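Enquirer: Here is how the chains run, residue by residue.
Protein chains: 4
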Amino acid sequence: MPRPFGFIKTRTLTFLELLVLAIGLLAMIVMTMPGLAESLRLAAFVMLGCCLAIYTCELLVKIRQATGSEKKYLLSATGLIDLMAVLPIPIALLFGVPANVAWLLASLWILKLATLAPGLAMLGRVIALEARALGSVIVIFLTILVLSSVALHSLEGPAQPQQFGSLPLSLWWAVTTLSSTGYGDAVPATFLGRLIAGFVMISGLGVFGLWTGILATGFAAEHRRRDFIRNWDLVTQVPFLKNLDPPTVIELTRLLRRLDLAEKTIVVRRGRPGDCMYFIASGEVEVKVEPHPVRLAAGTFFGEMALLTGAARSANVVTTQPTTLLVLEVGDFHTLTAHHPELAQAVAAEAARRSKPTESKPHMAHATGEKRDRTLR
Amino acid sequence: MPRPFGFIKTRTLTFLELLVLAIGLLAMIVMTMPGLAESLRLAAFVMLGCCLAIYTCELLVKIRQATGSEKKYLLSATGLIDLMAVLPIPIALLFGVPANVAWLLASLWILKLATLAPGLAMLGRVIALEARALGSVIVIFLTILVLSSVALHSLEGPAQPQQFGSLPLSLWWAVTTLSSTGYGDAVPATFLGRLIAGFVMISGLGVFGLWTGILATGFAAEHRRRDFIRNWDLVTQVPFLKNLDPPTVIELTRLLRRLDLAEKTIVVRRGRPGDCMYFIASGEVEVKVEPHPVRLAAGTFFGEMALLTGAARSANVVTTQPTTLLVLEVGDFHTLTAHHPELAQAVAAEAARRSKPTESKPHMAHATGEKRDRTLR
Amino acid sequence: MPRPFGFIKTRTLTFLELLVLAIGLLAMIVMTMPGLAESLRLAAFVMLGCCLAIYTCELLVKIRQATGSEKKYLLSATGLIDLMAVLPIPIALLFGVPANVAWLLASLWILKLATLAPGLAMLGRVIALEARALGSVIVIFLTILVLSSVALHSLEGPAQPQQFGSLPLSLWWAVTTLSSTGYGDAVPATFLGRLIAGFVMISGLGVFGLWTGILATGFAAEHRRRDFIRNWDLVTQVPFLKNLDPPTVIELTRLLRRLDLAEKTIVVRRGRPGDCMYFIASGEVEVKVEPHPVRLAAGTFFGEMALLTGAARSANVVTTQPTTLLVLEVGDFHTLTAHHPELAQAVAAEAARRSKPTESKPHMAHATGEKRDRTLR
Amino acid sequence: MPRPFGFIKTRTLTFLELLVLAIGLLAMIVMTMPGLAESLRLAAFVMLGCCLAIYTCELLVKIRQATGSEKKYLLSATGLIDLMAVLPIPIALLFGVPANVAWLLASLWILKLATLAPGLAMLGRVIALEARALGSVIVIFLTILVLSSVALHSLEGPAQPQQFGSLPLSLWWAVTTLSSTGYGDAVPATFLGRLIAGFVMISGLGVFGLWTGILATGFAAEHRRRDFIRNWDLVTQVPFLKNLDPPTVIELTRLLRRLDLAEKTIVVRRGRPGDCMYFIASGEVEVKVEPHPVRLAAGTFFGEMALLTGAARSANVVTTQPTTLLVLEVGDFHTLTAHHPELAQAVAAEAARRSKPTESKPHMAHATGEKRDRTLR
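Protein chains in written order, with numbering that gives the first Met the number 0: chain A, 0 to 376; chain B, 0 to 376; chain C, 0 to 376; chain D, 0 to 376.
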C-alpha cells in the first residue's frame, strides 16, 4: 500500500529534520540568555525564523500532496503536530505578545520528535493495556499524597507556616518527597512528622516499584507479539523458510532476529567464529571471495556452515544496499533442529546443492556457503 | 448472582462519585489557604458540607438496601470506608475540635478511590504472594538503616549535634538517604561519614532494585493467571470458540485479549490494514455497509478476512452499545493454526457458510466477513 | 532430618525474638536522645542490660544443646551473629569505652533479623548467579563516577573549592548525584559542569535501570526453580497427586501454589464463588457442615466441586492446626485437563467414590466434596 | 583457537591489574587533596609515575606480541584503551599543562576496568537490541524536559531570575527534577509552577519505570540466549550428555547451570542434603573418601545419588584445579525425566555400571556415586 509521505522516513530526511529541530531549539535557548551580545541574539532570531519558514513550507507541501485527503492529514496526529509547529508563533506575535515570549512557543517543535520515534506507538499500547493496573498505582499514589499532606499540615503547620501552613504547600512537600526528588525546601521538624515522612519515602519506593514492575511486564508481552508479527512479514519473503512445515515456520519466526543494515556494512568478518546464519529478507549482500565476489539477493541465506560444521567464517560479507537480514543463532538452530530434524537436512541439502557448480572453490562453499548459482541466475 | 450495589459500578455513577470526591477534596484544600477571602472560605465550607451530606445519604441508602445483610455491608471494606467518610467529622466537631482541623478529616474521603479502582485487589494479592521475598528486602533495608545511622551518629554526632546528635536524628538522615530522597538538611562532613553515606546511597539503589524486581516478577505471574480466568469466562459465551477441541480452546484463551468498548466506538476503520479478528463476547456491533448496515450480536465474530486473506478492512464497524470483544491478533492466529489447522478451516468454513446468502454483495463478504444471515435470524 | 534448633523457628518464639529485638533497639535509640530525663535514660540502660542478658542466655543454651557440634554452631552464620550480639558490648566496656558509646554496639542485634527472614538466602543466590552482569553495572557506575568527578573537579574546583576543590569532594558530589540522592550541598555552577552533571543524572537512571532489570530477571528465574522444588516435596505427600502419570505431576507441580495457614483460619467461606481446589499437604481442616463437622487429614483434597461444576462453596472450611495447602486455580485446572483429561476424570471419580457413603448429605458432597470416608478411616 | 593475550585473563594477572589500577587512582585522588604534606604528595606522584610506567610496558609487550597484526590490536577497543592510558599524560606534560592537571588524565585508567568486565558486551547488545524502545523513552524525556523548562522559565523567570531567568537555567532545573535528583538549588514558588513541577516529578517516575522495564525485558531475553550457547559448548565436552537423544540434550542444556570454581573449592559437603548433581565440563575434582580419595576427570559426573535416592551427600568433593561444572538441580531433573524417562535410566545405569568394581565401598557408591573406574582408567 502506498504511503504518501513515506519518503519523509528515509534516512537523509530524518537527519535533516533532526538538524533543523536541533538548530531551532538551540536558537530558542540562546535567545533567552540574559547577558547576550545583540548580534548573537539577532542570529538566534534569524535561525528561529528560518526554522519556522522551513516548517511552514513542509506543512504546505504535505497539504498539497494530500489532495483528496487533506482533511485527514490535518486531523492525523502528525498533521496536528505539524500545524502546532507553525501556527502558534505568528498568532502570538499578531496578538501583540512580545517576541521574547512568543518565540518560546518554538518549544512545541520538540513534538516533531514523536513522529520520528518508531517505538512510541508501542509504549502507548502498553500503557493502554495496563491502564487498570497503572490506575491502581495512581490511586495508591494519590491516597498517600493526600493523607500524608493533611497529616503534615496538622503536625508541622503551626511551627513552619511557610512550608506546611496550607494544604497546597503540604501537597507540594508530599509530591516532592513521594517522588523521591527531595528538594529540601520543606523538611518536617517534629518527631511524628518525620516518622510519617519516613513512611512516605518508603511508600514512594514501593509505588515506584509497582509502577516499574507493571510496565516491565506489559512491555515484555507487547514486545513478543510485535516481534512475531514483524518477523512473520519478513519470513514470507524468504521462499526457503516459507516452504517449511507450519509448526517449524512458527517456531522459527519466534526465534529469528531482525537486523536492519545500512549500505556497505560488514555483516561477517573472515576468520571470526560463526555463531549464526543469515536469511536475506530484502536488499543484497556481496561475499568477498577471490577472484570473483558473489552477490546474494533477497530470499537467499548465508553463513549456515557455521551452524552445520562449526567452522570459522571464510570470507567477508558486505551489504551493497540497505538490507534487512533475519538472524538465526546457533543455540536456536540446535533447539529447532532437535525437534524438527528436517530443518537441518533442508539447510544442508540446499547448501550442498548450491555448492556443486562451484567445486573449484570448495573451501569457500564449506565455510560461508555462498549461493553463487542462485544469485547468478 | 445478584449484586445489591452493582448499579454503583456503572459508568455515570462512577463519574459522579469522582466529581463529588474531587469537589470535596478541592474545597478542603482551599479551606486551608491562609490569605483567603472570607466569602471563598465560606463557599469551601458549604461545599464540604454538601459532600458530607451526599456521603451520608449514600451510606444510609446502602444500609437500607442491605436489609438482611446490613451488618455484613458495614463490616466489609467498602462499608468501613463509607463509614469513615461520614462519621469522624461530626464526631470531631461534637468533641469541640475547631472546624478548621475537623474538616481536615475530609481527607479520608480519598479512600473511596480504592473502591473504584478495579486493579487494587490484584496488587494486594501480588504483595501477599511475594510477602517472604519483600520481607527479606525490608530486613535488608532495616539493617542498613540501623547500622548506618549508628555509624553516622558516632562519626558526625560530635561535630553536627543538630543533625546527628541522637539516633532518631541519625535515623532520619538514613531514611532520607537510603530512599534517595536527599533533602540535604543533614549532610555528613567527615571523610569516613561520607564514605559510609556513599555505601548507603548505592545500597539504596540495590534495595530498590530488588524490591522492584520482586514486584515485577510477582505481577507478571498474577497477570497471566487473571487474564486467563477472565478470558475463559468470556470464551464460554462464544459458541464457536467453545466448541473447538479443548487444547485449542485453552491455547486460544491464553492468546485472546479482552477489549471493553463504550457505545458508538469505531472498532474497525474502512481501508485500514487488518491485523486481528474479533469475537463478540457481549454487546452488539454494526457493520456500516451500504445500503443496509448489518448488526452482529454477541457470540458472532468479524474481521476474520484480514487473517485469512490479508485484505484491508472493507467497512467501518461501530459498537451500538457497551460491548466486550475478544481480539485475536494475526501473529497469534498463525501460531495457533500451525498447531491446530482445524481452527483456520473452521473459521473459513463459518465465513463461507455465512457469506452465501449475501452473494449480492460479494466484495463485502470477502473483506470483512459480515454475519448477516446469523444476525438477521 | 532432625534440626537441633528447629523449635526456635516456631511462631511464638519468633514473636518473642522480635519483641526483645524491638525493645533492645528502642532502648538504644532512646539512650542517645540528648534532653532526656535521667530516670528514662536509666530505664533504657536497664532494658539494654536485660536484652544483653537474654541474648547471652540464648547463646549459652544453644552452645550447650550443640554438644558434639559446638564448633560448627559457632562457626555457622547464625552462631556468629549470636556471638556478635553478646561479646562486643562487654569487651568495649572492659576496654574503657564510655557506656554511651559501647551500648551503640547493640545495633549489631539488628543482624538477628537476618536469621528470621526465610527469603534472604534466595536473594543471596540471585545476586551470586547474576554476579557477572551486576559486576558490569558496577564497572559502569565506577567509570562514570571517576570520570565525572575528575571533570567537575577541573571545571568547578577553582570557583567552588569547598565543594569541588579536591577529588574526594568531587567524588562525594558524583556519588550523591549518580544515585539521584541530590543533597544539594554541592551544585555545579558553570555551564559545562551542569551539562556533565545532567549526563551524570541521566546515566544514573540508566545504571539503576540496568541494575533493576538484572535483579528482576534473576529473581524471576530463581523463584520459578525454588517454587518447583518446594511444591515437589509437598506433592509427594498427597497420594492422589503422586499417582498421576509423571508429565501430569510435573505440570501440576508447576501450577500449584503453596499456602501456609495458622490454626483456626477460614480457608473457604460458604456461599462464595469457588475459584480453586485445595490439596492438604500437612495439617488438618474441618468442614463446618451441620450437624456433624467433618475433619480432613493431610493427603486429602477439598473444594473440587467449584472446578467441576462451578457451584458456590456450600460450607465453611477452617484449619484445626497449622496447615499447608496446595492450591490449584480454576484456570490452571482447565489448562491441565485440556492436555491431561485423565486428571479431571480422576478428581471426579475420587469425589464420586467418596460422596457415596454420605448420601444422607448430598448437598454437601456436591458442593464442597468432603472426604468423610477417608478422614474417618 | 589460540588467543594471543589470553594469559592476561588469568586470575592472578587480573588481580595484579586491579591492584595497579586501584593504587593509580588512589594516588590521583590523594594528589588533589589541598592540605597535604609535601612528602605524601611526592609519594602520590611517584606512584602515578610507576603506574604509568607499568601501563607503558604492558602496551609495548602487547604490541610486540601482536607482530603481524599490530595494527589490529591498536585499533581494537582494548588497544585504544591501553593507548589512552599511556599517551595523554606525557603529551599534556609536553604541551606545558601543569602536573596537577595533567595527572588528572590518569582517570582514563578506569576504562581498563571495561576490559576486565566480561558482562559488558552483553549489556551493550541489550541496549543495541532495544535501541528503538529506549530511543522512544529518550524522546519522551526530551519532550518533557523542553516543554516543562519553557513553562517554568515563563512562570518563574520574572520572580527568580537567578534560577529560571534563562532557558539553560530552566533546563538545569528540569533535568535535576526529572531525574528525581532534586538538589533544591532551584525550586518553583508559584502555584502553577509547582503544579507543573509535580507533573514533571511524576513523569520522571514514569519515564524511569519505562526505561527499567525495557532494559529488564531485553536483558532477560539476551540472558536466556547467552546461557544456552555457553552451556551448549560445555555439554559437548561431556560424552554422557552429548549421546542423549537431541530433544533431551536441548532441554537439558536449557536447565543446566554453569559453575566456575577455583582450585581447592569444596563442591559438596558430607552429610548435607543433596539437591543437585554435577557434570564436569573441564578441570578435575577429588572425592574425599577414606582411605583412598578418588579423582574425577572432565567428562564424568557425580552427586547423582541425591537425585535418584534422595540420600544425603556421603563425602566431601573438592576441586584440584580450576574447574567448570554443569549443575542439574533436583527439580529440573524430575521435570526432564518425566518427559524423557530414558535420562533417569541412563544416569542410574551409568552409576550402577561404575559402582560395580568398587563394591568394597558400597556406601560411597550409593551416596556420592564416584566414578572411580572411569577416572582410574
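No lab work stands behind these hints: they were computed from the structure. Because the structure is a prediction, the values reported are computed rather than measured. Using N, Cα and C, we set each Cβ at its ideal position, and we do this for glycine too. Any given hint could turn out to be false.
[Stated by the list, open to error] Covered stretches of chain D, going by a simulated chain C footprint (3 or more residues, C-beta under 8 Å):
(1) 24-37
(2) 76-85
(3) 151-160
(4) 173-179
(5) 188-195
[As the list claims (entries may be wrong)] To spell it out: a stretch of chain B is covered by chain C in this simulated footprint if at least three of its residues, at any positions, have a beta carbon under 8 Å from a beta carbon of chain C; those stretches are:
(6) 134-142
(7) 238-249
[Stated by the list, open to error] Selected chain D positions facing chain A (in silico; Cβ < 10 Å):
(8) G205
(9) L233
(10) Q236
(11) V248
Enquirer: Could you work out which of the previously given hints the structure breaks and list their numbers from low to high?
Expert: Violated: hints 2, 3, 5, 9, 10.
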